[in-house]
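**Student:** Chain order of the listed sequences is A and B. Oh and the first sequence: position 324 is 324 in the numbering used here, straight run, nothing missing. Oh and the second sequence: position 98 is 98 in the numbering used here, straight run, nothing missing.
No lab work stands behind these hints: they were computed from the structure. Every value quoted in this text rests on a predicted model; they were computed, and no experiment measured them. No residue lacks a Cβ here, since even glycine has one placed at the ideal position from N, Cα and C. Some hints could be false.
To be verified - So the derived list for chain B, only partly shown, Cβ under 10 Å to chain A, looks like this:
hint, residue
1, 29
2, 38
3, 39
4, 46
5, 51
6, 67
7, 113
8, 146
9, 148
10, 154
11, 173
Stated by the list, open to error - Per label pair, the in silico range of CB-to-CB distance:
hint, chain 1, residue 1, chain 2, residue 2, range
12, B, 94, A, 293, 28 to 38 Å
13, A, 193, B, 52, 42 to 52 Å
14, B, 41, A, 290, 35 to 45 Å
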Amino acid sequence: MRTVYAISGGVSKFAKARPDKTFQAVIKEAYDAAIADIGLDFPTFTKVVDGSVASYFSDHFSRQLMAGIMAQDYLGLVPKPSHRVEGGGATGGLSFQEGWKNVASGHMDVCVVYGFETMSHVETWKGNEFIALASDVSWDYPVGGFYSGYYAMMVTRHMKEFGTTVEQMAAVSVKNHRNAYHNPYAQKRNRYTIEDVRNAPMVAWPLTRLDICVMSDGAAATILVSEEGLKKLEAAGAQIKRPLVKVSGIGRGTDAMRMADRPHVDYDTFMRDYATEQEKSSDDTRAYYKSLWERGTRYPGVHSFRAGRSAGNMAYKHAGIDDPMTELDFVELHDAYTSSEIQTYEDLGLCRYGEGGDFAASGKAFMPNVDYGLDLPEAPVTPVNPSGGLIACGHPVGATGLMQGVFAIWQLQGTIGEHFGDETLQVSDAKRGAIHSHAGTGTYVTVSILERED
Amino acid sequence: MAKLPERRPETLGGYVVHGVPFPVETDPDALAFLKRMAPLQIEQEYSITYLHSYGQDSPWFAGVTNKKLLASQDPVSGYTYATPRGHDMYSGEETNWIDITDRKATVHAFTVCYFGSEEFLPETPFVLALISYEGVDTLFLTRLMGVDLDEVSLDWIGMEVKPKFLRNSKLKPTDVYFVPAGD
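Using the sequences provided together with the hints, build the complete structure.
**Tutor:** Right, here's the structure in full:
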């Protein structure tokens, strides 16, 4: 496989509704921004780009089949090759990796991946119904199909098994919202407190409205290239920032659509098939997990995302990462719920299973330069969702995973200040970061590692 | 009296509008001004009736209609699915039906939904629960009734429950629901 560079990206402002433009024109905002960032004009880029990947989740929201080709057409990319990718909430992450494959395989030298969702076309509770159709319509949806309910069930089990608290979940909401205060692309830029989160209307016990991301209209785009693609773009006049950012690892995992069907494996199976290399090599961690299993824990059950662990392990192996907590400078992960951010800390090996709640409130995942109004016991180590994540930036599904890619590119280029007009969220000397995209209750999960070349 | 929310709910509907503002003359200034025009938004109705088949899972629905809870079992390993599967995910073998109506059942996880998808909003608040059966390897998603919503507690996890069946079957998984076993 060839080396793939992520050279540029663009994001439209995520908003509750964008009735001022059709979805194609919203995508073009992000697309144009990605092109402008490498100093090219539209016709010149059109000549050089080899093809695209279109990322969007639901045909229901736009009441439009084949929306991908309509975007391709609007962007002037026909007759170049393209395909649409769909995988629930992980659509953006999957699309990013499909773009990677296009380039790594030699099929394309320059590939643009664009994504969007226009969720404002239906009322909120109808939108929830559409999303809930991404659960088994024979068995899950008719019982009361509601994604917030599904995630709430998962976290009640996490709380029961591991002692995770609602205040620890609220700390995630405070962190991500206050980070987003410095991100002009974010939909919600508010300085909430733990009390604000807990006093917000209860949606699905114990998750309140501020534990849950909102629906959005928005688009994002990234440009992925090979060495050859770099040369072609630069020959056409592109100004590509150095040092380059490359995609050094990709990983994916899946799990059963019905979370009721997920297994509850024993300790030996967990250690053999799912433990990180670091967990396997630590006497202390093996003893810790043994004690969890002796108390009745089984894996993954409904408290953990096996797909996330599989994706992380695969991506870390590809990128040569042994200890993600010390070898990643930041993580942009799929925090559709504060609870799922906590569960994902564990899946990604930022802490051990069962310790996500303590980790959330420890301070390790916070930014050093942001005032959270919290008494955090530990200093930041690996900021998680420095952009504000889904909870604050919004979640226009097909764009979300690509938005993470764009913010990761900017972190590694050191251009957050340039793009946000505010240096606060720039992770100091960021060399390597992970982006994590996650579909309904952990069915599809992707992890991609981006790295600055020195 | 409870405080009213600060926002009125946003809904669609309203008057039907005939005619929209547009420049009388399409001179260059007027045409240029059109780029500053606010967007027109219309309502589009969309409804459809699907003929959905339960396929190989159909006997389960026939079972609950007759107050019997069925599960699927791998013929060799005995791995048992509370939510039916036609084929075992490990062996690939076709599963057999077994009756688990009288098995001990407990709450594995739950939530109280105060909001929901549009279809289920009128039923809020309702309790979703994942049920664990003795000797069964996977869980079953259901509604939990007979619990006090003023006393929501993690202690509900592990609580023994028993199935109840709708007298008038709807041929949906909600034809069975669960209540605390003591009731």
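**Student:** Against the structure, test the hints numbered earlier, and report the numbers of the ones violated in rising order.
**Tutor:** 1, 5, 6, 8, 9, 14
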